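J.: Each chain, written out:
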Amino acid sequence: MTPIAQPIARRVEHVMGMPISLALRGRHAYDDMAEQAWRDALAELRWVDEVFSTWRPDSQVSRLGRGEVGLGECAPEVAEVLRLGDAARASSDGAFDVCLPGPDGVRRLDPSGVVKGWAVDRAVRPLLALPDTDVCLSAGGDMVCHVVDPAGEPWLIGIEHPLDPTRLVAQVPVHRGAVATSGAAHRGTHVVDARSGAPADALASVTVIGADLTSVDIDATTALALGLDGPHWLRSRLRTGVVVWADGRAETVA
Amino acid sequence: MKRIVLWVLSTLSTLVVLFGYHTSTSATMATTSETTISGSLSGQAATGAASTGTASGSAPPSDSSTSSDATTVTGTAAQTRYGPVQVQVEVAGSEITNVSILQYPNSDGRDIQINNYALPQLIQQTLDSQSSSVSMVSGATYTSQGYAQSLQSALDQAGL
Numbered sequence: 012m013t014p015i016a017q018p019i020a021r022r023v024e025h026v027m028g029m030p031i032s033l034a035l036r037g038r039h040a041y042d043d044m045a046e047q048a049w050r051d052a053l054a055e056l057r058w059v060d061e062v063f064s065t066w067r068p069d070s071q072v073s074r075l076g077r078g079e080v081g082l083g084e085c086a087p088e089v090a091e092v093l094r095l096g097d098a099a100r101a102s103s104d105g106a107f108d109v110c111l112p113g114p115d116g117v118r119r120l121d122p123s124g125v126v127k128g129w130a131v132d133r134a135v136r137p138l139l140a141l142p143d144t145d146v147c148l149s150a151g152g153d154m155v156c157h158v159v160d161p162a163g164e165p166w167l168i169g170i171e172h173p174l175d176p177t178r179l180v181a182q183v184p185v186h187r188g189a190v191a192t193s194g195a196a197h198r199g200t201h202v203v204d205a206r207s208g209a210p211a212d213a214l215a216s217v218t219v220i221g222a223d224l225t226s227v228d229i230d231a232t233t234a235l236a237l238g239l240d241g242p243h244w245l246r247s248r249l250r251t252g253v254v255v256w257a258d259g260r261a262e263t264v265a
Numbered sequence: 567m568k569r570i571v572l573w574v575l576s577t578l579s580t581l582v583v584l585f586g587y588h589t590s591t592s593a594t595m596a597t598t599s600e601t602t603i604s605g606s607l608s609g610q611a612a613t614g615a616a617s618t619g620t621a622s623g624s625a626p627p628s629d630s631s632t633s634s635d636a637t638t639v640t641g642t643a644a645q646t647r648y649g650p651v652q653v654q655v656e657v658a659g660s661e662i663t664n665v666s667i668l669q670y671p672n673s674d675g676r677d678i679q680i681n682n683y684a685l686p687q688l689i690q691q692t693l694d695s696q697s698s699s700v701s702m703v704s705g706a707t708y709t710s711q712g713y714a715q716s717l718q719s720a721l722d723q724a725g726l
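In order, the protein sequences belong to chains Z and A. Per the numbering used here, the first sequence starts with residue 12, numbered consecutively. Per the numbering used here, the second sequence starts with residue 567, numbered consecutively.
These are calculated hints, taken from the structure and not from any lab test. On a predicted model such as this, the values are computed, not experimentally measured, just so you know. Cβ atoms here follow ideal geometry from the backbone N, Cα and C, with glycine treated the same way. Accuracy of the hints is not assured; some may be wrong.
Said to hold, decoys possible - Label-pair distances were calculated between CB atoms; the ranges are:
#, chain 1, residue 1, chain 2, residue 2, range
1, Z, Gly83, A, Leu688, 28 to 38 Å
2, A, Ser699, Z, Gly78, 50 to 60 Å
3, Z, Asp104, A, Leu688, 41 to 51 Å
4, A, Ser699, Z, Pro161, 40 to 50 Å
5, Z, Val23, A, Ser699, 14 to 24 Å
With the rest of the complex left out, here is chain Z:
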């Protein structure tokens, strides 16, 4: 059943302030086609960053948030992302929102919770087009996995312990799908309950595994924002994942 382990070609670049890690194995893992697909993927991520970054005052989203431009003047992808955000707000009773209240109570447009997963789902396309090549593309710990042969060796994804980055709390084999983790690790608490603006701290981290990164990234963030209600909410959506409570206790959700 277990084939001979194939060598993995790895590449890393930093875009959008986070490491983008690529693992390839198979026919085109090391060749020029892979290099071109990798450059195309990075170019897509850089374009998304230019349009959507809330850290760049000149991005379309920043200008939209300040009311300097209308939605019609932005790239059509901005409206697409805002629609995803609206759907997530509806399904979470407002715990997820692309308009987040800041410390001063004023709500600001911040679609970051939608953009990352959505961007990687777009960026991975040229890599998925490489014939007979397995792909795992991670942006800051959220990833899309694809194994060409359904009976082949899966990508084994380690899920980091949110309270101790030298440990793994779980692992999951993935042939085709996406894994997203939201939590307080590395950046400090950066997810807030959009209903109150309060930091979401009942859960240390939430990992969701599913078909596409756009939706699992949103659901992981939503469950984290819901706090105590997060695991139940994930189960009501028949999600698969791992929840780590603030005290370090881990449980699987399925």
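Starting from the known structure of chain Z, arrange chain A on it as the hints suggest.
T.: Then chain A, alone, in the frame of chain Z:
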């Protein structure tokens, strides 16, 4: 013993969502003719070489309860509001050694190919003992700054 096994199996359609499934035995999913064990459950011998036991209808063979024999049993598809759910379990003695989902609807109502991903396994291991087998690490968003100390950095540097 058999009673316990049957009870466990009969609760599986509700527990399935808690168990999740593993992909490692998916290659043994070929079907043979089914025989009813009880109620909504049916048993079948797996065609894989690893299976030595056989579950059959109203009179299970005596070897199905011996501890060393593995038996593969397939439940009938249960209808849920999200779509059909069907599971297959491997039983060794009174212990369930593996649970596979043959049919499983996702939250969007589309069928997921069952092989696509498995239930995460909780582990209690440090980087030292695990890093060599893990391809990529999922964690709360890494900034480039924190990345230097991260697991992913180690994996990338080791070229694993």
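J.: The structure should be examined with respect to each hint, and the outcome stated for every one.
T.: Against the structure, the hints come out as follows:
About 49 Å separates the C-beta atoms of glycine 83(Z) and leucine 688(A), a value inconsistent with the hinted range of 28 to 38 Å. Distance hint check for serine 699(A) and glycine 78(Z): the Cβ-Cβ separation is about 51 Å, which falls inside the suggested range of 50 to 60 Å. Restraint check, aspartate 104(Z) to leucine 688(A): a C-beta distance of roughly 29 Å breaks the suggested window 41 to 51 Å. Remark: the range hint 40 to 50 Å for serine 699(A) to proline 161(Z) is contradicted by a beta-carbon distance near 21 Å.
A C-beta distance of roughly 20 Å is found between valine 23(Z) and serine 699(A), which places it inside the suggested range of 14 to 24 Å.
Checked against the numbered hints given earlier, this structure breaks hints 1, 3 and 4; the rest are met.
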